[in-house]
Amino acid sequence: MTYPTREHEDLLRRALRAAGDSVEPAGDGLERIRARLTAPRPTVAAWMMCGAEPAALRVRPFLSWLHLRIGQAFSRIGPAFGRIGPAFARLGPAFARLGLALAWLRTGGGILKTGPRWLRPAAAMAAFAVIIGSGAFAISALQHTITQRGVNTGLGQRVSKTGGQTSGGGVNGTGQELVPPNQFWLPLHTGSTPAPIPPSPSATASPTPSCTATVAPSQSPVPNVTTTPPAPSVTPTPTPTDTNPSPSISPSPGASPAPSTLAEAAVMTGSPAPVTGGTVTGTASPPPPTSTVPC
Amino acid sequence: MTTGEPGDAAARPTQVTETLVADSALGAVPADWDADRAVTALYSTHYRSLVRLAALLLRDVSTAEEVVQDSFVAMHDGWRRLRDNEKALSYLRQSVVNRSRSVLRHRVVVDRNAPKPPPDMPSAEQGAIAQLERSAVVTALRTLPARQREALVLRYYGDLSEAQIAMTMGISRGAVKSHTARAMAALRSVLERDV
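Residue numbers (the working numbering), protein chains in the order written: chain A, 1 to 295; chain B, 296 to 490.
It is worth saying that the hints were derived from the structure and are not from the lab.
Heads up, a few of these hints could be off.
One-sided excerpt, in silico: chain B residues whose CB lies under 7 Å from chain A [unchecked claim]:
| # | residue |
| --- | --- |
| 1 | Tyr-338 |
| 2 | Tyr-342 |
| 3 | His-371 |
| 4 | Tyr-452 |
C-beta: ideal position from N, C-alpha, C; glycine also.
With the sequences and hints as input, model every part of the structure.
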């Protein structure tokens, strides 16, 4: 390999310099750079215009379907979440204490900074375990609540399709209603199509003593909503009561199931349904000693 | 363009003020400067020399301007990530060289696949290019491989050291020596034949 001589180096240097000096860039280079720095990037804008819009148009039906599904699911599990709220409320102070402890360790305690090196991963692992444990507890509570609600709903008469009973309600183990709020879909007849019943302003939580109806012994094992809470087998028994059975109601369990709800009885008698805000009344008040149904 | 006389070598240190090495001290940007201020300062001192460097590599003035402007924009965007602001000029130079490589690579593919367009009326840029190509040295330079051409331009136009060339091209100093020696050997044959 030959080494370049000084002469060739100088010749090349002068040639390159002359060639370079003949190039004169435009004077608006800085303006161009600033314009490119301030203006939106054309590539990004083009991508947004060409790629994002058709994608959004394609995704929009899926998003609407997903929104509908999520709404339905949330309406189903909403009461369950309401029941596990106290559990989270119990975990709240624990988290607050944990946060305070971590803040103390981070600032005042100085253990994490001055302590051994394994203390920081250990604290992280402990926090992770606490979070996982609380999450597992919450999930188990949710599952338990849902399972309990499902069992009650399965036992309840309200989800019977053939009987035209309302769905979405149920009775838990204590005999309390699990009808979600703002649910006005109560059966008008024995058919499968429910009829909406607006909330009656005259409906109160207390049963009206002047108009009572005795529910006939139901054929279905579903508990009546007006039975006493501690009765696990909430099917009303035809115990003698001090109220007279109303002759206007004679539910026949053969052709159509017996109206087990207050609303059904009320609708069949033509009286306003004892529904307040979509919740079947008569359960919050002190239960009558009998299985009479106020209308 | 003239190739110059060999006896002008003594005037070189005073005539290379336009080149990159003469402005290397001005490439140091204070650390507390923001991106806009740094871009403005570096533009005023290095834009022309960087465009000329890119023009020597690309043989196209407008493309060279775009390449340098891209480099400035990239430096502005990555100003916070620039760990050493005093090496802003090195960053710009390396960006220019890398983008010039990309342009040349793309140009090779385009020239390979695209049909030859009919000759148009000569424009001002083409006149400048023709002036560039008038030089036998520059013409011979075009025949060299890209890496050898980069090494020669950075060495004899930018007056960079081997270490700076190695950093700019992303190769080792030994590779810089090898590219420079081979390129000079190839050019010598051309220049001795022409002169």
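Evaluation of the provided hints:
Interface hint status for B/Tyr-338: upheld, as the beta-carbon distance to the closest one in chain A is roughly 5 Å, under 7 Å. Given the 7 Å rule on beta carbons, the hint for B/Tyr-342 holds: about 6 Å separates it from the nearest Cβ of chain A. The beta carbon of B/His-371 is positioned within 7 Å of a beta carbon in chain A (closest approach about 6 Å), and the interface hint is therefore held. With a cut of 7 Å, the hint placing B/Tyr-452 at the interface with chain A holds, because the nearest CB-to-CB distance is about 4 Å.
Every hint, counting from the list given before, is met by this structure.
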